[in-house]
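One letter stands for each residue in the lines below.
2 protein chains.
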Amino acid sequence: MWMGQSSVDFIMAGCKLLDEGNVQSFLDNTDIVLTDCDGVLWRGNQVIPGAQETIEKLRKLGKKVLFVTNNSTKTRAEYVTKCASLGFPASEDEIISSSYVTAHYLKYIVKYTGKVYTVGPQGLAQELNAVGIPNFGTGPDVAENWKFEDYTTLPLDPEVNCVVVGFDKDFSYVKLCRATAYLRDKGCLFVATNTDTGLPVNGRFIPGTGTIVAAVSEAAERRPDIICGKPHLPIFDTVLKLHNVDPKRCIMIGDRLNTDIELAHNCGLGAALLVLTGCATLEEVRQKQSSNSIADQRLVPNFYLPSLAQLGTLIDSLK
Amino acid sequence: MWMGQSSVDFIMAGCKLLDEGNVQSFLDNTDIVLTDCDGVLWRGNQVIPGAQETIEKLRKLGKKVLFVTNNSTKTRAEYVTKCASLGFPASEDEIISSSYVTAHYLKYIVKYTGKVYTVGPQGLAQELNAVGIPNFGTGPDVAENWKFEDYTTLPLDPEVNCVVVGFDKDFSYVKLCRATAYLRDKGCLFVATNTDTGLPVNGRFIPGTGTIVAAVSEAAERRPDIICGKPHLPIFDTVLKLHNVDPKRCIMIGDRLNTDIELAHNCGLGAALLVLTGCATLEEVRQKQSSNSIADQRLVPNFYLPSLAQLGTLIDSLK
Chain W
1 MWMGQSSVDF IMAGCKLLDE GNVQSFLDNT DIVLTDCDGV LWRGNQVIPG
51 AQETIEKLRK LGKKVLFVTN NSTKTRAEYV TKCASLGFPA SEDEIISSSY
101 VTAHYLKYIV KYTGKVYTVG PQGLAQELNA VGIPNFGTGP DVAENWKFED
151 YTTLPLDPEV NCVVVGFDKD FSYVKLCRAT AYLRDKGCLF VATNTDTGLP
201 VNGRFIPGTG TIVAAVSEAA ERRPDIICGK PHLPIFDTVL KLHNVDPKRC
251 IMIGDRLNTD IELAHNCGLG AALLVLTGCA TLEEVRQKQS SNSIADQRLV
301 PNFYLPSLAQ LGTLIDSLK
Chain D
320 MWMGQSSVDF IMAGCKLLDE GNVQSFLDNT DIVLTDCDGV LWRGNQVIPG
370 AQETIEKLRK LGKKVLFVTN NSTKTRAEYV TKCASLGFPA SEDEIISSSY
420 VTAHYLKYIV KYTGKVYTVG PQGLAQELNA VGIPNFGTGP DVAENWKFED
470 YTTLPLDPEV NCVVVGFDKD FSYVKLCRAT AYLRDKGCLF VATNTDTGLP
520 VNGRFIPGTG TIVAAVSEAA ERRPDIICGK PHLPIFDTVL KLHNVDPKRC
570 IMIGDRLNTD IELAHNCGLG AALLVLTGCA TLEEVRQKQS SNSIADQRLV
620 PNFYLPSLAQ LGTLIDSLK
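Protein chains in written order, with the working numbering: chain W, 1 to 319; chain D, 320 to 638.
You may find that some hints are simply not true.
For the chain W half of the interface with chain D, some residues (derived, Cβ under 7 angstroms), not all of them [to be verified]:
#1 Gly21
#2 Asn22
#3 Ser25
#4 Asp28
#5 Tyr151
#6 Pro155
#7 Ser172
#8 Leu176
#9 Pro200
#10 Arg204
No lab work stands behind these hints: they were computed from the structure. Owing to the predicted nature of the structure, the values given are computational and were not obtained by experimental measurement. For glycine and all other residues, C-beta sits at the position ideal for the given N, C-alpha and C.
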């Protein structure tokens with residue numbers, strides 16, 4: 001838990017434009033730059049102009065850049081390929097994705113030794129495989145000729161003491177039944193890769209992992225024990241486990257208040273920088289800032305910029 | 320809305336055993352007996368001993384018996400067959416099922432004239448067909464070779480201004496996407512047949528309609544506009560539309576506090592009778608009764624009996 005004084009100070013200070021007056025100390029205080037991907041570096045398959053150059057400049061200043069995403073569909077290796085194809089060269093250990101965090105957290109922090117039933121994508125299964133956690137459940141699973149009774153006799157694997165829910169395009173009623181049957185045993189760990197309710201794709205909003213988590217939660221009558229993605233702590237706990245770093249010397253760059261910006265405050269990072277090339281608008285920031293609720297204050301970034309390109313320009317202005 | 324003084328009086332009076340001292344006035348004040356089915360008349364396919372005889376005796380006393388169920392999978396005609404097969408002869412107009420209520424409510428109360436996209440069972444589609452509301456969506460709907468982009472180009476029928484969610488064994492991520500795409504338009508009506516989170520079948524709990532509603536609600540970022548099943552008003556509004564009756568001269572018999580018993584209070588019925596052959600226990604009733612919350616008080620039945628059989632015995636004792 002990283003909720004030190006500095007984080008509260010930052011919150012109370014409100015959101016400022018990052019400019020020539022404050023960029024020097026912003027950078028001086030930073031060793032690791034955590035950046036969200038979609039909405040910051042690219043939108044869908046379109047690179048955001050200037051983002052590549054800014055990442056390059058940050059690296060030239062000696063900053064470690066980590067790509068942090070709630071997307072659970074890809075393995076880190078697949079993300080490396082995606083990053084490279086869009087002009088963001090990265091190594092596997094620079095990718096912090098929610099499926100990877102889930103596998104890492106279960107293996108090295110929870111030290112889970114059983115089998116996992118997954119309602120999730122191939123990428124999740126592969127990350128679990130990579131750390132040696134046996135798992136099953138990915139892929140289609142539908143009932144052809146259904147009878148009520150069939151669901152009451154679904155075979156359960158006694159070695160399963162953990163259900164992980166991620167983004168699952170094959171989500172089905174049968175999977176919901178299986179997950180529920182395991183989770184009705186309160187001793188069974190309930191893990192969500194993330195809880196984003198939706199993903200904006202090509203101007204339409206498609207249901208995210210959070211919608212599947214909602215169905216499983218309602219059926220099992222319990223909330224997840226662990227949520228791995230932003231704004232929850234496991235994703236940054238994984239960064240800490242991998243990199244020997246003071247949270248205050250990390251910054252988070254993102255486009256969403258309730259994932260990226262809240263993560264920075266939840267984990268006591270040095271600063272949260274919002275870029276306006278994705279979900280959140282400055283109007284939303286102003287609403288949160290003028291609210292009396294502490295929960296809303298935790299959504300206020302310390303700095304904002306129209307886009308990541310301006311950070312590159314500010315770096316150029318430094319002498 | 321039926322939340323008259325009498326209902327509050329009943330709630331405040333607490334829950335009593337129905338016995339020889341109060342059964343006479345209980346029956347004298349009743350014209351229509353609404354009874355839940357599973358947990359009251361039968362459990363699964365097992366008739367609860369004495370239930371058949373009690374229903375027969377109530378009818379001999381001139382009471383109209385209506386079979387009221389949140390089960391959305393069957394049409395009324397199918398329910399007539401099920402009732403008959405278990406020894407409860409009934410006509411179609413004595414069946415008040417959530418799919419029927421949904422169709423009736425949309426047609427005759429909301430006066431909806433468009434097309435309906437359903438995430439639900441055949442029984443729902445058939446009840447909508449029966450009142451002449453065009454609809455589609457039932458049956459399997461899965462994506463074989465999925466790409467993110469495919470869900471952003473799902474074709475939408477412009478005549479659909481209403482999504483109905485019921486119990487759907489074929490529920491899938493594709494259906495979730497379609498429902499969400501319609502419901503992101505705030506002008507599209509969002510209807511749930513019911514919101515039961517689970518169904519106890521053969522000692523295992525299987526996910527109910529409420530779990531599918533939860534996923535759709537989370538994805539569409541809105542709650543249902545109309546919930547048809549118990550304890551919500553549309554199910555009793557339908558009874559009122561069909562039968563010219565004073566709500567105070569109706570009683571509800573059920574085994575669940577948060578559906579059957581709450582319905583009785585929400586609609587200002589004459590009395591709510593709990594039988595202990597299904598979900599709720601007397602211990603739960605005592606907990607609700609000793610709670611200070613008004614919401615909990617609305618779950619307290621006026622009377623209870625170990626099973627429906629005892630009501631038959633009490634009727635025999637009347638002279």
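The hints, checked one at a time:
| no. | hint | verdict |
| --- | --- | --- |
| 1 | Gly21 | 39 angstroms, violated |
| 2 | Asn22 | 36 angstroms, violated |
| 3 | Ser25 | 39 angstroms, violated |
| 4 | Asp28 | 40 angstroms, violated |
| 5 | Tyr151 | 5 angstroms, holds |
| 6 | Pro155 | 12 angstroms, violated |
| 7 | Ser172 | 5 angstroms, holds |
| 8 | Leu176 | 5 angstroms, holds |
| 9 | Pro200 | 9 angstroms, violated |
| 10 | Arg204 | 4 angstroms, holds |
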